[in-house]
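Protein sequence lines, in the order shown, are assigned to chains B and G.
For the first sequence, position 321 matches number 326 in my numbering, and the numbering has no gaps at all.
For the second sequence, position 232 matches number 299 in my numbering, and the numbering has no gaps at all.
Rather than coming from a laboratory, the hints here were simulated on the basis of the structure.
Please note that a few of the clues may not be correct.
[Claimed, not checked] Estimated spans, in silico, between C-beta atoms of each pair:
#	chain 1	residue 1	chain 2	residue 2	range
1	G	Ser314	B	Met6	27 to 37 angstroms
2	B	Glu24	G	Asp415	29 to 39 angstroms
3	G	Ile402	B	Met6	38 to 48 angstroms
[To be verified] Sample of chain G residues with no beta-carbon within 10 angstroms of chain B, all distances over it, derived:
#	residue
4	Ile100
5	Val107
6	His188
7	Thr202
8	Thr209
9	Asp241
10	Ala330
11	Ala378
12	Glu393
Please read these numbers as outputs of a predicted model, since none were measured by experiment.
All residues carry an ideal CB built from backbone N, CA and C; glycine is no exception.
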Amino acid sequence: MTILTLAKALNEGMRKAMEDDSKVLVMGEDVGKLGGVFRVTDGLQKDFGEQRVIDTPLAESGIIGTAIGLALRGYRPVCEIQFDGFVFPAADQIITQLAKMPLRSLGKLRLPVVVRIPCGGGIGAVEHHSESPEAYFTHTAGLRVVACSNPADAYTMIQQAIRCEDPVIFFEPKRRYWEKAEVDVDSSGWIPFDEAKVVRQGTDVTLLAYGPMVKTCLEAAKAAEDDGRSLEVVDLRSLNPLDVSKITESVRRTGRCIVVHEAPVYNGFGAEIAARVTEECFYNLQSPVLRVGGPSTPYPPSRLEDHYLPDLDRVLHAVDRAFAF
Amino acid sequence: MTADASRGAEAPPELIQLLTPEGERVEHPDYDIDLTPEEVRGLYRDLTLVRRVDLEAVALQRQGELGLWASLLGQEAAQIGSGRALTEADMAFPTYREHGVAWCRGVDPINLLGLFRGVNHGGWDPAEHNFHLYTIVIGSQTLHAVGYAMGIQRDGAEAASIVYFGDGATSQGDVNEAFIWASVFNAPVVFFCQNNQWAISEPLEKQTRIPLYRRASGFGFPGVRVDGNDVFACLAVTRKALAEARSGQGPMLIEAFTYRMGAHTTSDDPTRYRVAAELEAWKLKDPIERVRAYMFKNQIADQEFFDAIDAEADELGRDVRKRCLELPDPEPLAIFDHVYAEQHSLMDAERAEFATYLEGFEA
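Same shape as in the complex, but just chain G:
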């Protein structure tokens, strides 16, 4: 037995890929996709804008405006590819790094920043966007996604749920329980594992002795490994998995083989546990550069288009920054709001007591 430690530039043979790092289009017998030039331009725009939001957020954290930020740098293709595969009726369950999926679901990025600034625990309406709240406890949301999918089954609805988690999460009991539930109930759920090779400082070898996508077979459903830096492949594979789930063929595990280019969060220091050569190898597989190369080669866009997207990204960055700085602190008594849905005497009493205490300062 050898551990699957292939974190370098060499792509394992089972990797589903439709666009090479050099921007060459390749075919795959099971997962081909036909994208219009307009769609390709749209994906490029998504990739570029979410990277810009992410960079701005990192900068804001460094300037003390956010308490923390979990960067998606390097994982844009996995998130935009899978996110754009969703239909409106599908429901997404993210971790705390799915800024790209949030973008695809129409969640205003300022809501993501608000969470990391400490204004609230998530300011968007999950039902409005069919994008659940960020979940911090590792792997918990996989069970929520399966339960939601069981609800879809009972409703007889044409929909599926998709749940995002990382390589580290696959070690959690909840993720394994989610696999079991999904399998035995044939739930319409897609498990989307972004294997970014590192769970904070712990490498993949500390989580598994086999490639993660192969775990699925032990639970009784298919698993595939897709090039997580290839937005076309992520879109094609996720689209197919969701379609199969919606049509009653049960769950699927997608392992998006990718790399977290930045730190786990802004509190982390990856130079303590990984070598620079690894980072350099993955830079050559950048998810945005390869789409850009493909578009140039195939004359899908000209310099004017790229300049316009860059300008839009800069404007978005400025806008996010401005609105982040304007986010007001909540009122102190907001602590007591929404803890319970129905009237609760303990909350009422504590709120009143706290209000009286605060009023004492004003007198």
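Okay, chain B solo, but in the shape it has when bound:
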């Protein structure tokens, strides 16, 4: 076991993938000498060279568009989008090309392209640096969308994303980049790529979260113990496809369900989960499925982000509401 930050775990995972397969490329703005603005690609260009770790011009559509071309030639590009809010210039290439080309070719073409996106807020950044655009991509058929929440998963999931024959949108919780945990870098313990994980067992409420909110939910669950409430926390990990059976299994046991994410609640990813849980667990529910997330506003200036972002108290408030029914 090695203690790694989430950023370093991603770095080690990419390094392993690049060692295992010479077709794996890393590309993006500042990913070379600088090692990325979050240093997630630190040292990769030094060890694998400029042909495999490509510093690109500053244009996101170009990054994804050329990655598609490289994939058509048999390469496996791992693209870094510097910040969540900058993925939109690339949205056309991701949505109209990357997601649909395999289908358009009746399966003859495969696009094993990974799009890494540091996502979410909580680091005091300026506008367009703290967004949660997952719903745009989970709504796009042809993409897989995953979100890691801790170093051990990050190390495994990035390798699985790179091995996957489908395009993968890979969300990284940027405010958790510096958090450390044990990672078994020698492990070959592959998990199914679309499997959710119960990260804390409980009996009264199921908290469903992904990415940065998993830790928040774990903290809330710990605090709820004092009130004698037992909260189960499920880390969804994969948003498309969603591990519906793991979710419904938990909700049937606890009878209550709360979805927690940073993105605005309105038309957010939580709405999809709430609808599915309601459909599948209607007779098991003690209360309606509740959602905790951001207001339907643009991400605020950073001095207000603590109010915008769901925190332990907001989660516990939702728990109170669930018990009040």
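Starting from the structure of chain B, add chain G where the hints point.
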């Protein structure tokens, strides 16, 4: 500053031409070509057959058999000339109008019709023909071609990619990003812009204030303008550009100066936005007639040859029509096929649910 609005019969001075509209062979110091009579006959055959396929497709659309068709009428020389310049290892990235290039790459025309009929989004194997799928979103494929060329570089292969786009596409961000990428990575890619003067109803002046081929210099690579109705010149210029790209000399922009004789697509009505005189002027520059005149004058073919090609074209038209009408609709559950390469639980669940729903009708 004046806009380059020369859409009439007058050829701008920078135009590379090897065959005049009257069928006279002319020399060019940088782009000469030596074609055998057999090769000339082959080009004529290509030009005639793709025009025939195109006409048949337009007719099929008018009869309700295709949802839409994007005609290549007038652009045959640009497509056949550039298409025949490709070697087997080169990779072509088309828009949705490159029926002539598809022909050169050995793609069965019925696959093109299938797309416009709505049977699928492209029924051919891009890897088998080294001819990518048609791309509808304007200019997107330019970046794919550059990325593919970067792959060729990394493979150390003796090949290049060529990407087709129109004058309207040059306004797109992706095309400009593709120029930048190609230039800074010295990628073996040829940008083949068919300037057919109109982006649906928008004339060239709405896209640019300078001749399009001159854009390349601002990105750091050469650009040339070729007579897009001259199949010899299109072949010579593209062949040279590809050879240079393959030998590590980087990208080139070719502007094929041509004219879309028909509508943008069958949904369009060009009489609303362009004058008949313009069309008449370009008719005199027809890409097929000039090769025919050249062949007659130089006794490269006789009437018997032309009759045989016409008969072959008619037979091809009949064959395409027959097979188009026979194309079966896909099975309903095909909606769920190929969305993902690997097993995907949401697809599996939705497919099963839809199958059960459909079975309810049979019971």
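Status of the hints after comparison with the structure:
1. A beta carbon spacing of about 52 angstroms between Ser314(G) and Met6(B) contradicts the range 27 to 37 angstroms that was offered as a hint.
2. For Glu24(B) and Asp415(G), the hinted distance range of 29 to 39 angstroms is satisfied, since their beta carbons lie about 33 angstroms from each other.
3. Checked against the hint of 38 to 48 angstroms, the pair Ile402(G) and Met6(B) passes, with Cβ atoms roughly 46 angstroms apart.
4. The Cβ of Ile100(G) lies farther than 10 angstroms from every Cβ of chain B, with a closest approach of about 30 angstroms, so its non-interface assignment holds.
5. Distance to chain B confirms Val107(G) as a non-interface residue, since its nearest Cβ pair spans about 34 angstroms, more than 10 angstroms.
6. Not every beta carbon of chain B lies more than 10 angstroms from that of His188(G), the smallest distance being close to 4 angstroms; the non-interface claim is violated.
7. For Thr202(G), the requirement that its beta carbon stay farther than 10 angstroms from each beta carbon of chain B is not met, with the minimum near 8 angstroms.
8. At roughly 8 angstroms, the least C-beta separation between Thr209(G) and chain B is not larger than 10 angstroms, which violates its mark as non-interface.
9. The non-interface label for Asp241(G) is inconsistent with chain B: the shortest C-beta to C-beta separation is roughly 6 angstroms, within 10 angstroms.
10. Its beta-carbon lying about 24 angstroms from the closest one in chain B, Ala330(G) satisfies the requirement of being farther than 10 angstroms from that chain.
11. Consistency note on Ala378(G): stated as away from chain B, and its beta-carbon is indeed over 10 angstroms from all of that chain's, at 34 angstroms minimum.
12. Annotated as non-interface, Glu393(G) keeps its C-beta farther than 10 angstroms from every C-beta of chain B; the closest such distance is 19 angstroms.
Checked against the numbered hints above, the structure violates hints 1, 6, 7, 8 and 9; every other hint is satisfied.
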